[in-house]
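Listed here are the chains, written in short residue letters.
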Amino acid sequence: MTHAGELISAYLDGELGGGERQRLFDHLSSCGTCAVEMEEMQVVRSAVRSLPMMELPPGLIPEADVEAVPLTRNRGFLVGAAAAVVAMVIAVAAILTPSPVALSVDDLNSRFGARVSADPAFGPAKVVVPSIIEITE
Amino acid sequence: MRRVIALTTALVLLPASVALGADLDELLERSGEASYSAEQIITCSTPDGVRDAVVRITQNAGEIRVGAPVDSDLSAASGYGGYTLLRGGDVVSSSAVEAATDEVVPRYVVDDGVPRMFLGRDATLYRMVGDGLVRAELLIDLEIGALLRVVTFDADGQVYCERRFISFDTSPAPVDVSDPVEIEPIQSSNAVTDLPEALGGFTRLDLYSDDDGFTFAYYSDGFFSFAVFETPSVVQLSEPSTFEIHGESYDRSFTPGQVTFSWESRSGGMALIGDLPPDMHQTVLDGLPDPHNPGLFRRLWRSLFG
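Residue numbers (the working numbering), protein chains in the order written: chain A, 596 to 732; chain B, 6 to 311.
Isolated chain A, as found in the complex (with noise of 0.2 Å):
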């Protein structure tokens, strides 16, 4: 190995398996130069990672836009699945749950007058009509 330049980019790329890491390592031990370059690639790389994230305005690159796609797409189906369990749910439970018990009218007009027939005052002042009973509006 005169130059293991590629090799290098690749280990901090963190593409190498066991035996061309061995091979490298074994490389960097008795060549300087390659030393050199591996120290300042690795210096490098983290300056350009401790720099702040600035975020690009939306078109400026094409490829970022396709690139969202992907990660979009899981989202919308995770969202899409989260919501067919909670509608499942509550069909079941629509199902399984009695439903409240609903008043009419008329129910409240026989709470009601019933228990004003029991005044002692009841008379014709004070009867309930049925409320269907009705000749104009």
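Since the hints were made in silico from the structure, they are not lab data. Heads up, a few of these hints could be off.
Quick list of simulated restraints, FRET-style, between CB atoms [stated by the list, open to error]: (1) A/Ala679 to B/Thr247: 36 to 42 Å; (2) A/Arg670 to B/Asn298: 28 to 34 Å; (3) A/Ala697 to B/Gly54: 25 to 31 Å; (4) B/Val75 to A/Ala686: 45 to 51 Å; (5) A/Ala686 to B/Asp161: 51 to 57 Å; (6) A/Ala679 to B/Val75: 54 to 60 Å; (7) A/Ala676 to B/Ser270: 34 to 40 Å; (8) B/Asp284 to A/Met683: 50 to 56 Å; (9) A/Ala697 to B/Gln163: 35 to 41 Å; (10) B/Pro52 to A/Ala686: 41 to 47 Å.
Every value quoted in this text rests on a predicted model; they were computed, and no experiment measured them. Where is the CB? At the ideal position from N, CA and C, for every residue including glycine.
Once you have looked at the hints, place chain B on chain A.
Chain B alone, transformed into the frame defined by chain A:
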């Protein structure tokens, strides 16, 4: 079990008395004991227009049957703490309550009465006054004590409702015993409630907790009365109008002789039904839980699970 609507009660015509005292309780109690058949016209001038009806009434010793003279098979029987709504002889709705409280401090005084003739009969006209306002006129048959006509007034002196007999027979029709109704009456309870004991000049007489999961309280001021219901779900009124107080909206519906309100509070559905003149509505509703809009998701949840 108490027989609530005593359809087999023996007909006992009370002895005629001409010595009527000007006491509201006595007058009304006497009218409730009369026995007769009559046709009654009910006309109410409400903020939503006129509501009127003609009904056939048969009163026998504390029980009243009411139905339309023509074109309706709907009728109701009430008395002794029971009310049954019938359609074509079949029970549509039936309730029975046990009243624990009868007494209420009268809010009104009655004048001495003026002789009148009505439907060819001797009668006496009484005016009922409260808070300086004439609230009702009662025309009572001199012979049997029947309440021939009652007119109620709004605070501005305008007629709110009038119930008057247009025909009158002191020989009541025989009671039909073919449809007896017996149900267990709801007992008045001491359940904890947010419903106040006094409300706009009215006194809470009884509070009931129903097996169906709602409570209701009965209020009276000695003449006008209403019931307030706390319900699991909101009661839907037929073609209601909107009544607003301080920007809060209530559904309101008038029928001959009655008004019904429905709204949703923070704790569930609420309804009020009674014979209150319109000027009393705001005062009474102000003392009850306010309307509350629960939002779309909560409405959906309630519609599914209550």
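Can you let me know if the beta-carbon spacing of arginine 670 of chain A and asparagine 298 of chain B is within 28 to 34 Å?
holds (33 Å)
Just tell me: holds or violated, for the beta carbon distance of alanine 679 of chain A and threonine 247 of chain B against 36 to 42 Å?
holds (39 Å)
Quiz prompt | CB-CB spacing for serine 270 of chain B and alanine 676 of chain A relative to the 34 to 40 Å hint | solution = holds (37 Å)
Handout entry: Range hint compliance [Cβ, aspartate 284 of chain B to methionine 683 of chain A, 50 to 56 Å]
Key = Holds: the Cβ-Cβ distance is about 53 Å, inside 50 to 56 Å.
*Taking the beta carbons of proline 52 of chain B and alanine 686 of chain A, is their distance inside 41 to 47 Å?*
holds (44 Å)
*May I ask you to test the hint 25 to 31 Å on the CB atoms belonging to alanine 697 of chain A and glycine 54 of chain B?*
holds (28 Å)
task: Please test the hint of 54 to 60 Å on the beta carbon pair from alanine 679 of chain A and valine 75 of chain B.
output: This hint holds: roughly 58 Å between Cβ atoms.
Original post:
Do alanine 697 of chain A and glutamine 163 of chain B keep their Cβ atoms within the hinted range of 35 to 41 Å?
Top reply: holds (37 Å)
_Cβ distance range 45 to 51 Å for valine 75 of chain B and alanine 686 of chain A, holds or violated_ = holds (49 Å)
### Task
Go ahead and decide if the range 51 to 57 Å is satisfied by the Cβ distance of alanine 686 of chain A to aspartate 161 of chain B.
At roughly 55 Å between Cβ atoms, aspartate 161 of chain B and alanine 686 of chain A fall inside 51 to 57 Å, so the hint holds.
Consistency with the previously given hints is maintained throughout, with no hint failing.
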